[in-house]
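Top line first, the protein sequences correspond to chains U and P. With the first letter of the first sequence counted as 1, position 187 gets the number 187 in the UniProt record's numbering; the numbers rise by one all the way through. With the first letter of the second sequence counted as 1, position 149 gets the number 149 in the UniProt record's numbering; the numbers rise by one all the way through.
Since the hints were derived computationally from the structure, they do not count as laboratory data. All residues carry an ideal CB built from backbone N, CA and C; glycine is no exception. It is possible that part of the hints are untrue.
20 angstroms max Cα-Cα, derived SDA-like pairs, lysine to any residue [what the hints assert, rightly or not]:
{"#": "1", "chain 1": "P", "residue 1": "46", "chain 2": "U", "residue 2": "46"}
{"#": "2", "chain 1": "P", "residue 1": "40", "chain 2": "U", "residue 2": "154"}
{"#": "3", "chain 1": "U", "residue 1": "138", "chain 2": "P", "residue 2": "108"}
{"#": "4", "chain 1": "P", "residue 1": "40", "chain 2": "U", "residue 2": "145"}
{"#": "5", "chain 1": "U", "residue 1": "154", "chain 2": "P", "residue 2": "192"}
{"#": "6", "chain 1": "P", "residue 1": "152", "chain 2": "U", "residue 2": "104"}
{"#": "7", "chain 1": "P", "residue 1": "138", "chain 2": "U", "residue 2": "104"}
{"#": "8", "chain 1": "U", "residue 1": "46", "chain 2": "P", "residue 2": "76"}
{"#": "9", "chain 1": "U", "residue 1": "76", "chain 2": "P", "residue 2": "76"}
{"#": "10", "chain 1": "U", "residue 1": "76", "chain 2": "P", "residue 2": "138"}
{"#": "11", "chain 1": "P", "residue 1": "46", "chain 2": "U", "residue 2": "151"}
{"#": "12", "chain 1": "U", "residue 1": "23", "chain 2": "P", "residue 2": "90"}
{"#": "13", "chain 1": "P", "residue 1": "152", "chain 2": "U", "residue 2": "138"}
Here are some chain P residues pointing at chain U (derived, C-beta under 8 angstroms) [said to hold, decoys possible]:
{"#": "14", "residue": "49"}
{"#": "15", "residue": "61"}
{"#": "16", "residue": "64"}
{"#": "17", "residue": "67"}
{"#": "18", "residue": "71"}
{"#": "19", "residue": "83"}
{"#": "20", "residue": "85"}
{"#": "21", "residue": "87"}
{"#": "22", "residue": "91"}
{"#": "23", "residue": "100"}
{"#": "24", "residue": "101"}
{"#": "25", "residue": "103"}
{"#": "26", "residue": "153"}
{"#": "27", "residue": "173"}
{"#": "28", "residue": "174"}
There are 2 protein chains.
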Amino acid sequence: MAVKVYGPSCAAAKRVLVVLIEKAIEFEVVPVDVFKGEHKDPEYLKLQPFGVVPVIKDGDYTLYESRAIMRYYAEKYRSQGIDLLGKTIEERGLVEQWLEVEAHNFHPPAYDLTIHILVPQLAGITPDQKVIEESEAKLVNVLNIYEERLSKSKYLAGDFFSLADISHLPFTDYIVNNMGKEHLIKERKHVSAWWDDISNRPSWKKVLELYKAPV
Amino acid sequence: MAVKVYGPSCAAAKRVLVVLIEKAIEFEVVPVDVFKGEHKDPEYLKLQPFGVVPVIKDGDYTLYESRAIMRYYAEKYRSQGIDLLGKTIEERGLVEQWLEVEAHNFHPPAYDLTIHILVPQLAGITPDQKVIEESEAKLVNVLNIYEERLSKSKYLAGDFFSLADISHLPFTDYIVNNMGKEHLIKERKHVSAWWDDISNRPSWKKVLELYKAPV
Numbered sequence: 001m002a003v004k005v006y007g008p009s010c011a012a013a014k015r016v017l018v019v020l021i022e023k024a025i026e027f028e029v030v031p032v033d034v035f036k037g038e039h040k041d042p043e044y045l046k047l048q049p050f051g052v053v054p055v056i057k058d059g060d061y062t063l064y065e066s067r068a069i070m071r072y073y074a075e076k077y078r079s080q081g082i083d084l085l086g087k088t089i090e091e092r093g094l095v096e097q098w099l100e101v102e103a104h105n106f107h108p109p110a111y112d113l114t115i116h117i118l119v120p121q122l123a124g125i126t127p128d129q130k131v132i133e134e135s136e137a138k139l140v141n142v143l144n145i146y147e148e149r150l151s152k153s154k155y156l157a158g159d160f161f162s163l164a165d166i167s168h169l170p171f172t173d174y175i176v177n178n179m180g181k182e183h184l185i186k187e188r189k190h191v192s193a194w195w196d197d198i199s200n201r202p203s204w205k206k207v208l209e210l211y212k213a214p215v
Numbered sequence: 001m002a003v004k005v006y007g008p009s010c011a012a013a014k015r016v017l018v019v020l021i022e023k024a025i026e027f028e029v030v031p032v033d034v035f036k037g038e039h040k041d042p043e044y045l046k047l048q049p050f051g052v053v054p055v056i057k058d059g060d061y062t063l064y065e066s067r068a069i070m071r072y073y074a075e076k077y078r079s080q081g082i083d084l085l086g087k088t089i090e091e092r093g094l095v096e097q098w099l100e101v102e103a104h105n106f107h108p109p110a111y112d113l114t115i116h117i118l119v120p121q122l123a124g125i126t127p128d129q130k131v132i133e134e135s136e137a138k139l140v141n142v143l144n145i146y147e148e149r150l151s152k153s154k155y156l157a158g159d160f161f162s163l164a165d166i167s168h169l170p171f172t173d174y175i176v177n178n179m180g181k182e183h184l185i186k187e188r189k190h191v192s193a194w195w196d197d198i199s200n201r202p203s204w205k206k207v208l209e210l211y212k213a214p215v
């Protein structure tokens, strides 16, 4: 039975879709229009009580939080397709470390830039320059640490592609392709090479082609 | 060789210490005085480039981000002490889901309450009531969802104690015991019973006894 992915157009869902494609897991999508507030519908809240996307249904099993869903499929189909968790417990530890860094250091300023640059563009309102400048400064600090890290290993968790890299795809794509901030990536040699590598994977290209971003 | 835990007095480090005690893993602690800025010392930044606590050293292996360290030891010593990851891949998925909920839904308002109630108390300055009210409102929403969840299972991920529960200990302890907000827990029957259960584990009592909070 195919995995049902709710809300495939949203950034967080794209993390999950990349994993499903990398693992050659059959899936179908269920659109959730967040601009119409469908993520707050009572039926949706039965699946995801916090009212955010994505959520998956796999037979009777329901799971939410994109980084949890990624881990679940990477573990369940560990030997199918590319291994996304590292080969040893120590490598898995580093995958977890960089997943947490993505969630706590990279994501907040990247998300704030998205909200304060892309949403005002779409709505035709004046963006809050102070928030944009503060978010960019935070992101610069994070990316400087990434540059140092990626001068020593090809990917974040080591010399192997993993969930930690995948988790960065949706918001780095916004930074590079939608908000005129590509210099943040391009002016850092190792970050730029890493981005070229991960963003050219067929799985990511397929996700971008199939599921247009709502912003 | 004992695991070295840097910054044992800080809230995030306490998550790690509980896991080490539950798993009967030998450890030693290395104090990091964040009030003196020791987490920004060049030597410390070599271990943890983002300048936050905790970090562990285990022989040649260094790992940071408390939730990543918890997962590493829960996996490495899976059969030693209590299993903290669930028995099946599906249970592990739910542990991951609730760890993510803790990180993204529970932690931000709980952290903001801590910063805006406890720090002003210590510094003798007037707290920002607006931030406190907004954070409390967010936390109420989260705890209402927890109440529903905990009416169906004894612990967050199911009828088994896991990392997802442990991850809530440090900041729920602040809420209940340090900031006069214990009603948030006590007035919810199932959340209150869950808190009584997990906060009475010998591992948590030992951590509280050994490592005083800096705030």
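Here is how each hint holds up against the structure:
1. With a C-alpha separation of about 46 angstroms, the suggested pairing of residue 46/P with residue 46/U is violated against the 20 angstroms cut-off.
2. For the proposed pair residue 40/P and residue 154/U, the alpha carbon gap of about 27 angstroms is over 20 angstroms, so the pair is violated.
3. Annotation: proposed proximity of residue 138/U to residue 108/P holds, straight-line Cα distance about 18 angstroms (limit 20 angstroms).
4. Distance check on the hinted pair: residue 40/P and residue 145/U sit about 14 angstroms apart at the alpha-carbon level, within 20 angstroms; holds.
5. With a C-alpha separation of about 47 angstroms, the suggested pairing of residue 154/U with residue 192/P is violated against the 20 angstroms cut-off.
6. Restraint check for residue 152/P and residue 104/U: not satisfied, since their Cα atoms lie roughly 30 angstroms apart, outside the 20 angstroms limit.
7. The straight-line distance between the Cα atoms of residue 138/P and residue 104/U is roughly 19 angstroms, inside the 20 angstroms bound, and the hint therefore holds.
8. Restraint check for residue 46/U and residue 76/P: not satisfied, since their Cα atoms lie roughly 35 angstroms apart, outside the 20 angstroms limit.
9. Under the criterion of a C-alpha separation no larger than 20 angstroms, the hint pairing residue 76/U with residue 76/P is consistent with the structure, at around 18 angstroms.
10. For the given pair, residue 76/U sits about 34 angstroms from residue 138/P by alpha-carbon distance, which is inconsistent with the 20 angstroms threshold.
11. Note on residue 46/P and residue 151/U: the hinted pairing holds, with a Cα-Cα distance of about 15 angstroms set against a maximum of 20 angstroms.
12. A C-alpha spacing of about 17 angstroms is found between residue 23/U and residue 90/P, which places the hinted pair at or below 20 angstroms, so the restraint holds.
13. Under the criterion of a C-alpha separation no larger than 20 angstroms, the hint pairing residue 152/P with residue 138/U is inconsistent with the structure, at around 41 angstroms.
14. Residue-level restraint check for residue 49/P holds (minimum Cβ-Cβ distance to chain U is 5 angstroms; threshold 8 angstroms).
15. Checking residue 61/P against chain U: minimum C-beta separation of about 6 angstroms stays under 8 angstroms; hint holds.
16. The criterion of a C-beta within 8 angstroms of any C-beta in chain U is met by residue 64/P, whose closest approach is roughly 6 angstroms, and the hint holds.
17. Taking 8 angstroms as the C-beta cut-off, the interface hint given for residue 67/P holds, the closest approach to chain U being about 6 angstroms.
18. Evaluation of the residue 71/P hint against chain U yields a held restraint, the C-beta minimum of about 5 angstroms falling below 8 angstroms.
19. For residue 83/P, the suggested interface contact is broken, since its CB lies about 15 angstroms from the closest CB of chain U, more than 8 angstroms.
20. A hinted interface residue such as residue 85/P counts as satisfied when its beta carbon comes closer than 8 angstroms to some beta carbon of chain U; here the least separation is about 10 angstroms, so the hint is violated.
21. For the restraint placing residue 87/P at the interface with chain U, the shortest Cβ-Cβ distance is roughly 14 angstroms, beyond the 8 angstroms limit, so the hint is violated.
22. With 8 angstroms as the threshold, the beta carbon of residue 91/P stays out of range of chain U, its nearest partner Cβ sitting at about 11 angstroms, so the hint is violated.
23. The restraint placing residue 100/P at the interface with chain U holds, with a minimum CB-CB distance near 4 angstroms, inside the 8 angstroms limit.
24. A least Cβ separation of about 6 angstroms between residue 101/P and chain U falls short of the 8 angstroms threshold, and the interface hint therefore holds.
25. Interface hint status for residue 103/P: upheld, as the beta-carbon distance to the closest one in chain U is roughly 6 angstroms, under 8 angstroms.
26. Hint status for residue 153/P: violated, given a least beta-carbon distance of 14 angstroms to chain U, over 8 angstroms.
27. Against a cut-off of 8 angstroms between C-beta atoms, the interface hint on residue 173/P is violated, since the closest Cβ of chain U lies about 21 angstroms away.
28. Taking 8 angstroms as the C-beta cut-off, the interface hint given for residue 174/P is violated, the closest approach to chain U being about 19 angstroms.
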